[in-house]
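J.: Okay, here's what each chain looks like letter by letter:
2 protein chains.
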Amino acid sequence: VTEHPTNWLDEIVHQRHRLGILTITADAKQAEFGYLRETLGLTAGNLSRHLTVLEEAGLVEVEKGYKGRRPRTWVRITRLGRAALAAELDVLARLVRKRSSPGHATESDERSPEA
Amino acid sequence: VTEHPTNWLDEIVHQRHRLGILTITADAKQAEFGYLRETLGLTAGNLSRHLTVLEEAGLVEVEKGYKGRRPRTWVRITRLGRAALAAELDVLARLVRKRSSPGHATESDERSPEA
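These protein sequences, in sequence, are chains A and B.
Under our numbering, the first residue of the first sequence carries the number 1, and numbering increases by one thereafter.
Under our numbering, the first residue of the second sequence carries the number 116, and numbering increases by one thereafter.
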């Protein structure tokens, strides 16, 4: 009964900032915390909260390290994260394609349970 | 500085159930409350809350009426709603295209502010 593509979206992945984190980290070996913060226009606290959600779901790994003498926090997408992002993008591609070939709505066209 | 496509997503439209409501109502003259509830797998309370958010943003209109003797609630997308949905789908199309032509991530590829 719940056939609409948006039912298949996972809110952990779909939230726009987390979708941003996953698409950036999917495209590089690892991304630095400060880079993500600037690119996504987030506060440090906000980015940290989204990273925690993603890390607890097993979609990214967060690692503290150094670049020269400066402490750095690195974020990497996991295999599970890549799979979750691929699933999300599959649904988004369906929604985008649906737009390109819309239904034939007419003046009398209604969506109701009895229709 | 905040160049990532996900920065352009509007959370009112991007939330998955509201995206569902807008895509369904964009494709028909009007949709009945019960049809939306069943198709999106929502409780009545949850659907009502999402409709209130969309209505307050001017993206849908909600109208009580009758079908025969039965009371019915109809939902229609507004012109502003169509524009907001189109903007959302434009960003989603960019994200989907990005996947088709990913960057050339190598073993040494890192994203950091100094890079």
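Hints are computed from structural coordinates only; laboratory data are not their basis.
The C-beta atom is built at its ideal place from N, Cα and C for all residues, glycine as well.
Possibly wrong hints are sitting among the right ones.
As the list claims (entries may be wrong) - Reference listing, derived: stretches of chain A covered by chain B, where coverage requires no fewer than 3 residues with Cβ under 8 angstroms from a Cβ of chain B:
no., stretch
1, 9-23
2, 27-34
3, 50-63
To be verified - If you want the ones that stay clear, here's a sample from chain A, every Cβ over 12 angstroms from chain B, calculated:
no., residue
4, 78
5, 79
6, 80
J.: Now tell me if each hint is right for this structure.
T.: Going down the list of hints, with the structure as the test:
1. 9-23: holds (count 8)
2. 27-34: Per the Cβ count (7), the hint holds.
3. 50-63: violated (count 0)
4. 78: Given that every Cβ of chain B is farther than 12 angstroms from that of residue 78 (chain A), nearest at about 15 angstroms, it holds.
5. 79: 15 angstroms, holds
6. 80: Nearest chain B Cβ is 17 angstroms from residue 80 (chain A), so the label holds.
Checked against the numbered hints above, the structure breaks only hint 3 and satisfies the rest.
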